[in-house]
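> Here is what each chain is made of, one letter per residue.
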Amino acid sequence: MENLNLILPEIFISLSIMFLLILGVFKNDSSKITFNLSLFAILITTIITINETFSVTRETLFNESVVVDTMSSLMKIITLIGGFLVLVISSTYLKTFKIYNIEYPILILSSILGMMVMISSNDLIVFYMGLELQSLALYVLATYNRDQLKSSEAGLKYFVLSALSSGLLLYGCSLVYGFSGSTNFDIISNQLNSNEYVLTFGIVFILVGLAFKISAVPFHMWAPDVYEGSPTTVTLFFTMVPKIAALTVFIRFLYVPFLNLIDQWQMIIIFLSIASMVFGAVAAIGQTNIKRLIAYSSIGHIGYTLAGLATASNEGIHSSIIYISIYVVMNLALFSCLLMLRRKDKYYEDIEDLSGLSKNHPLLSLCMLVILFSLAGIPPLAGFFAKFYIFKAVLEQSMFFLAIVGLLSTVVAAFNYLRIIKIIYFDTEKDKYDTDHSLWLKFSLTVSTILILLYFIFPSQLIEVVSRINII
Amino acid sequence: MNFPILSSLILLPIVGALFLFFTKDKEGNNLTAKYVALFTTVVNFLISIYLWISFDQSTSSFQFVEDRTWIEGFINYKVGVDGISILFIILTTFITPLCIISVNNSVKNRLRDFLIAILIMESFMIGVFCALDLVVFYLFFEAGLIPMFLIIGIWGGARRVYSAFKFFLYTLLGSVLMLVAIISIYWITGTTDVVQLYEIGIDVKYQNLLWLAFFSSFAVKTPMWPVHTWLPDAHVEAPTAGSVLLAAILLKMAGYGFIRFSLGLFPVASEVFTPLIYTLSIIAIIFTSLIALMQEDMKKLIAYSSVAHMGFVTLGIFTLQQQGIEGSIIQMISHGLVSAALFLTVGVVYDRMHSRLISTYGGLVSVIPKYSILFMLFALASLGLPGTSGFIGEFLILMGAFKDNFLVAVIASIGVILGAAYILWLYKRVVFGKLINEDLKKMLDLNRSEYFILSCLAVPILFFGFYPDPLIKTIEVSVTDLINTHNTNIASK
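Note that the protein sequences, when read in sequence, are chains A and B. When you line the first sequence up against my numbering, it's residues 1 to 472, in that order. When you line the second sequence up against my numbering, it's residues 1 to 493, in that order.
The set of hints was computed from the structure by calculation and includes no laboratory data. Take these hints with a grain of salt, some might be off.
What the hints assert, rightly or not - Here are the computed lysine-lysine pairs in the DSSO-like style, where the Cα-Cα straight-line distance is at most 30 Å:
no.	chain 1	residue 1	chain 2	residue 2
1	B	Lys442	A	Lys430
2	B	Lys108	A	Lys359
3	A	Lys98	A	Lys157
4	A	Lys157	A	Lys430
5	A	Lys432	B	Lys370
What the hints assert, rightly or not - Over 10 Å on every C-beta distance to chain B, these chain A residues come out as not near it, computed from the model:
no.	residue
6	Leu43
7	Val160
8	Ser174
9	Tyr197
10	Asn289
11	Asp345
12	Ile378
13	Phe391
14	Glu396
15	Ala403
16	Lys422
17	Ser460
18	Ile463
Said to hold, decoys possible - Have a look at the derived ranges for each label pair, beta carbon to beta carbon:
no.	chain 1	residue 1	chain 2	residue 2	range
19	A	Leu454	B	Ser58	49 to 59 Å
20	B	Arg159	A	Asp350	19 to 29 Å
21	A	Glu352	B	Gln57	38 to 48 Å
22	B	Asp351	A	Asn289	34 to 44 Å
23	B	Ser455	A	Tyr348	49 to 59 Å
24	B	Ser455	A	Ile285	46 to 56 Å
25	A	Arg146	B	Leu209	17 to 27 Å
26	B	Ser58	A	Asn360	35 to 45 Å
27	A	Asp29	B	Arg159	56 to 66 Å
28	A	Ile285	B	Met353	57 to 67 Å
29	B	Tyr451	A	Glu464	25 to 35 Å
30	B	Val15	A	Leu21	33 to 43 Å
In this text, a Cβ means the ideal position worked out from N, Cα and C, and glycines have one as well.
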């Protein structure tokens, strides 16, 4: 008998989704209660995850197709917390656009379920199922504000391109299966050590598919449009949660089935990393819409995360996970600020709308200042430490070129963030924004800003947790 | 010594800033905020004086050391002072209260935020001078960019945005390479602790590249020719207090970094690159002095003179002679006092006339005599007249340079003459001559606070000019030790 306790979080969240669907169908005006219940469900799932799996070093289930280890538990917890916070701060935004429906929390829950399956997958088929489950939910979420042209466009674009990449991914999986005779990661890892060309194709296809999911250059084209068009809360979800899951899968693919083929993928990852860092920094220069700018900046940040993966060392994996965790917090803080730019039921998204914000909203501006400097990687804020660990890992492997290109692109990227700070602090002020924000929004902004600001006092804790992960 | 005196020096301004943050911001002249800031910085100054008194001058080892684990098994929060760094700490704590007294005229809006920025800046600057771990040093070194960027950008002049960006990006670009070098040092030697690194030494084959990486950061910050162009812009646009901090302390971080890290960690590479430093310093001295001659803006002129003076400093450091390095340190301290004073004197007339152009003025001596006398003192100190602290520094540097390289010393001496030329010509055009501009006649002489600030600066300039012994005694043992370790390192390689 399998130890079902280990996948209790997934079971619980699936049951909650079904229950909420039924509730939504049979009860009128149930959006509020669905919202609250789904928050509750996420909370309980988090607790279950912490209780049941956090102490497990490594266990496999169902014919070794699902794995529960430290990395999966940690990433699931980050995913769940991310999902919870997104859900909790979106209600005001959704009410403003009159899209406060039951589908929203259920879709978010389903995509989280998909991600959790992805994170725990140890088998090509399980992985693909999880991926598609989360993607389908995300397509709908992108078009969620369906009365707006841009939102529909974003969803359609995302759907078409994502389907294409899933196709590539699937083709790559089939090639790998053809060569190894198994869909299980561990078995693949033992079987794959030949230098067949076709196998390289398989790896490349899989990497391309994954690169698309995390929007690494040159497979980033969808990101700016989708980020801009989607409702802001969904964009927040896009920039945080799916990336965590995709990164975990990335790590698993590279370091379990493809571990022996390091020579073949290392250059690809280095290329993806450098291209993303440089492109993310340079392309953001001319942007006028904050969400587009965030899209490019997230491309750049993914580049740094990939730089950690390219090192092929445990240290590098740790640094990537630390980077993505800190990035999630910074993103949450930035979007909380963005959601506060509301004036009479209208949300403002242009950089120019921030003009002179510091005169009327000193506290909000101060938070943005901290967040933006942190994104730029200026010490002593959390963003600096994130980059610091990455480059520490990169330099351990003597990859000087990667490190220097990465650090030089931080200078270019810093320009983009400075531009926003300049507009907030140096320019002339505009009208006041509304200040009656929901308590949760204020809470998430305050907590994330304080985490960013004071991370330097206790930097060891995060490392301690992350360093329990041993993949290689 | 168990009381963490250095950490309290670093933390106190932050506590003050936090306190200010929770007070209510008032429009106009916010006296409460000013008193809080002033009180904090004065207490900090007194602590640093106590530090100097209890400092043991007979040893070159680090004192008041605090060593705490910060990131498990990787970085320790380690601070401590020796004869070289203690003077810079005192300079910092001495200049900052003067800046705060001076702000009532130059900063019109958001005074509270301005004071917070200055206090945070002070804490970072002290941190730079007492950090004994490369990562901790880098942290403070870079963190200082944030408040300075805001000081220039929010309270600066007309082209403040351009200048703030230029300042930030230039310095950041220089520094990222230093970060690569610091992490590489960690992987080469297994530690970033400066004291341990002094003992272990770094393998010769890595030294040249690492030295260049550190150099890229310090050269921008010093600033050395040809990467000095951010400085005039930043100085001109920054408010007076910002210029003072920038000139008096920020520039010294790089000179200090050269002595502490470039010389200390990479002795062989320092020898290799001495010709490079000499060339750049000479160009800086001659070239920027000539540029200074042509300036029409007073602040710009002083900014260029800073570049020239810092050229002397780098020259002195890399003579690798006792006199040269001592001279450089004293020159930095002296330049800290003198450039601060000069920026403040410009600030005084700017507050009254709202013009920094030299052509606006002329004949001030008959209107504001007190001001003119103090201005003259500072001008003379800047050109290095015997009897002022500027002389001691320049003299020692040239003495060291003559020992090491005759030609360089001769060219540098020409720079001294040019230095006299531009500053005296500036003084002549502003203070002497006919009083043509009618508006000038209504000018008031120094008010109490201005008089107080400028006298505070004049006293140490004169005192150390006649009696530099306290300074030299403090740094002597440390510098001798530095040179000795350097020579043994070179001999063994």
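> Quick one, are lysine 98/A and lysine 157/A close enough, alpha carbons at most 30 Å?
24 Å, holds
> Taking 38 to 48 Å as the hint, is the beta-carbon distance of glutamate 352/A and glutamine 57/B inside that range?
58 Å, violated
> Are all beta-carbon distances from lysine 422/A to chain B longer than 10 Å?
6 Å, violated
> Confirm or reject the statement that isoleucine 378/A sits farther than 10 Å, beta carbon to beta carbon, from all of chain B.
6 Å, violated
> Quick check: does the Cβ-Cβ distance between aspartate 351/B and asparagine 289/A fall within 34 to 44 Å?
Holds: the Cβ-Cβ distance is about 42 Å, inside 34 to 44 Å.
> Measuring Cβ to Cβ, find out whether leucine 43/A lies farther than 10 Å from everything in chain B.
Non-interface label stands for leucine 43/A: nearest chain B Cβ at 31 Å, farther than 10 Å.
> Would you assess whether alanine 403/A, listed as outside the interface, keeps its beta-carbon beyond 10 Å of every beta-carbon in chain B?
Answer for alanine 403/A: violated, closest chain B Cβ roughly 5 Å.
> Can we confirm that no CB of chain B comes within 10 Å of the CB of aspartate 345/A?
30 Å, holds
> When you look at the beta carbon of glutamate 396/A, is every beta carbon of chain B farther off than 10 Å?
Violated: least Cβ distance 6 Å, not greater than 10 Å.
> Just want to verify: serine 460/A was marked as not at the interface with chain B; is every Cβ pair farther apart than 10 Å?
About 5 Å separates serine 460/A from the closest Cβ of chain B, which leaves it inside 10 Å; violated.
> Lysine 442/B and lysine 430/A were given as a pair; does the straight-line alpha-carbon distance stay at or below 30 Å?
Roughly 39 Å between the alpha carbons, so the hint for lysine 442/B and lysine 430/A is violated.
> Below or equal to 30 Å on CA atoms is what counts here, so check lysine 108/B against lysine 359/A.
14 Å, holds
Comparing the model with each numbered hint stated earlier shows that hints 1, 4, 5, 12, 13, 14, 15, 16, 17, 18, 19, 21, 25, 26, 28, 29, 30 do not hold.
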